[in-house]
Amino acid sequence: MIKVIDPGFYTSIQDKGRFGFQNYGVPVSGSMDDNSAEIANKILGNLTSEALLELTMTGCCLKFEKNAIIALTGSDMNAKLNGFSIEMYNKIDVEEGDVLSFGRLEYGFRTYIAFQGGIKSEKVMKSRCMYKGITECFKIQKNDKIVLNNSIKKSRSINQEKTQKLILSDNIECYKGPEFHKLNKKNKENLLKKQFSISNNHNRMGYILNEKIQNNIKPIITSHVIPGTVQLTPGGKIIILMRDCQTTGGYPRILQLTNNAINILSQKMTNSEIKFNIKQIS
Amino acid sequence: MNRYNLKYFQYNNNSLLISWPERIDQDINNDVNEFKIRLETGFKYLLEVRSSYCSLLLIFNKRIDNINRLIEKLKNLYLSRKSHSKYDRILWNIPVCYENKFALDIDIISKQNKISKENIIIMHSKVIYSVYLIGFLPGFMYLGGLDDALHIPRKKEPRLRVPKGSVAIGGEQTGIYPQQSPGGWNILGNTPINLFDKSKDVPCFAKPGDRVKFFQVSEDEYKLIEKEVELDLYELNKEVLND
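One line per chain: the protein sequences are A and B, in this order. Quick note on numbering: the numbering used here labels position 60 of the first sequence as 63, and the sequence is numbered without any gaps. Quick note on numbering: the numbering used here labels position 97 of the second sequence as 117, and the sequence is numbered without any gaps.
With the rest of the complex left out, here is chain A (with noise of 0.2 angstroms):
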């Protein structure tokens, strides 16, 4: 079992996501950088699907009440076990007793912690993924008791130095989304060539952008959107649904963002700077 003496600004145990239940207006959740994730649960040769911890901006300051193995990816927030710098992408033995802290956030925005075996929380419709009137609780809260899986399994090694090239990264690559024919030339061309910035107005539902771009189309009839769907308000604001997104929308779907967009989008912060890229879907 592990105390939760600091959960940080915020932290929520996340898996791959709550699927299926999207006719009945349920959000897919699962973690936002879901390339990260995997890469944390690879590292200790657990399953995927394995649910974790997902911080984000700060750290959080863990207890061991129990020996544990754990692995860190995402975002570098400078993690310390019982004050001495530990690696991340790495497995880390955990001894009853040692605390695990975190300090200056280096680069990125959102640091998974894996545990051998998994988090053992409450599932609800097939996901441990925690969401506000789906979950009891949507974030972790201090004094939390954060209970494993027991398991072992073999682990293998991933390369590090790829992954954080790819959180560094400002190529948002996108598909066209619906209504992107809609848009005249010019705007088109604004939205693809202009840089863009992140506003201050970003959590897991979405990313709203700082710049804007004429809007010529008109509203649509309530609609399907996932997340990576972009937005455009009728007042000209760009959004980017993210991996709480609501499951429909009455605003244009301009882009869809490739999964591996929505992960690097997930590592950044406010006034980042992001270009899109369109892609053919191959």
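For the record, the hints were derived by calculation from the structure and aren't laboratory data. Please note: incorrect hints may appear among the correct ones.
In the EDC-like style, the derived pairs of lysine to aspartate or glutamate whose C-alpha atoms are separated by at most 20 angstroms in a straight line are [to be verified]:
#1 A:Lys135 <-> B:Asp221
#2 B:Lys184 <-> B:Asp240
#3 B:Lys220 <-> B:Glu250
#4 B:Lys220 <-> A:Glu139
#5 A:Lys282 <-> B:Asp85
Calculated from the model, a selection of chain B residues having no Cβ within reach of chain A, i.e. all distances over 12 angstroms [said to hold, decoys possible]:
#6 Tyr24
#7 Glu92
#8 Lys95
#9 Tyr98
#10 Leu111
#11 Lys134
#12 Gly165
#13 Pro183
#14 Phe235
#15 Asp240
#16 Glu241
#17 Leu244
#18 Leu251
#19 Leu253
#20 Leu256
#21 Asn262
Which stretches of chain B does chain A cover? Using the computed rule of at least three CB atoms under 8 angstroms from a CB of chain A, they are [as the list claims (entries may be wrong)]:
#22 30-42
#23 69-78
#24 152-162
#25 224-231
Note that beta-carbon positions come from the ideal geometry of N, C-alpha and C, so glycine has one too.
Given the coordinates of chain A, work out where chain B should sit on it, guided by the hints.
For chain B alone, kept in the frame of chain A given last:
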């Protein structure tokens, strides 16, 4: 039988959007849900079909390798219908208390639309509504078929806390808030029943394509049903429609 000109659009690696002519229309939505049911009875690699007013989103459990072949298959399936395929629609009868305690905006609706409160209740509870879509919040049904006289724009400033169970009108639609949430619709009553039960495999009793009708209950009846719901004794009244 109507056959519509459908548009097929690849949404990402593993999903495809099918669009009907873009309007809120009972016949179109029926056709959408009929096609959905046919797809759900067996289409290879299909993980999930989501329906909306005039579109379906198909999510596959693997990457779409040949989009043209997939579209061809879907087109054939759509056109292969021999006759108007009938399916059972369920009509759910939902109790609503329209008394002032719950009807937070009934005075506004009455004043703005120049209808007495009594008539608002009669008009709201006599119609059979279509469940066009479940979205916005887990379990929030967008119901179509509201009497024109009750159409009222959303509030300029949304309420921060709309109580759970609130029955409300937004534009030309009516709906029920399944949980407390912010919201801009005008509230005219409240239902004691649960719209969303996360402990169930199928968390909502209704599905898109079903029908809903409201019936008026007094505050005392409301309290009784509320208690019955709490004790899991309340059985929602339903009818099977064959149309």
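Going through the hints against the structure:
no.: 1; hint: A:Lys135 <-> B:Asp221; in the structure: holds (19 angstroms)
no.: 2; hint: B:Lys184 <-> B:Asp240; in the structure: holds (18 angstroms)
no.: 3; hint: B:Lys220 <-> B:Glu250; in the structure: holds (15 angstroms)
no.: 4; hint: B:Lys220 <-> A:Glu139; in the structure: holds (16 angstroms)
no.: 5; hint: A:Lys282 <-> B:Asp85; in the structure: holds (16 angstroms)
no.: 6; hint: Tyr24; in the structure: holds (14 angstroms)
no.: 7; hint: Glu92; in the structure: holds (17 angstroms)
no.: 8; hint: Lys95; in the structure: holds (18 angstroms)
no.: 9; hint: Tyr98; in the structure: holds (18 angstroms)
no.: 10; hint: Leu111; in the structure: holds (19 angstroms)
no.: 11; hint: Lys134; in the structure: holds (28 angstroms)
no.: 12; hint: Gly165; in the structure: holds (16 angstroms)
no.: 13; hint: Pro183; in the structure: holds (14 angstroms)
no.: 14; hint: Phe235; in the structure: holds (24 angstroms)
no.: 15; hint: Asp240; in the structure: holds (29 angstroms)
no.: 16; hint: Glu241; in the structure: holds (27 angstroms)
no.: 17; hint: Leu244; in the structure: holds (26 angstroms)
no.: 18; hint: Leu251; in the structure: holds (22 angstroms)
no.: 19; hint: Leu253; in the structure: holds (24 angstroms)
no.: 20; hint: Leu256; in the structure: holds (16 angstroms)
no.: 21; hint: Asn262; in the structure: holds (23 angstroms)
no.: 22; hint: 30-42; in the structure: holds (count 8)
no.: 23; hint: 69-78; in the structure: holds (count 8)
no.: 24; hint: 152-162; in the structure: holds (count 9)
no.: 25; hint: 224-231; in the structure: holds (count 3)
Hint violations for this structure: none, all hints satisfied.
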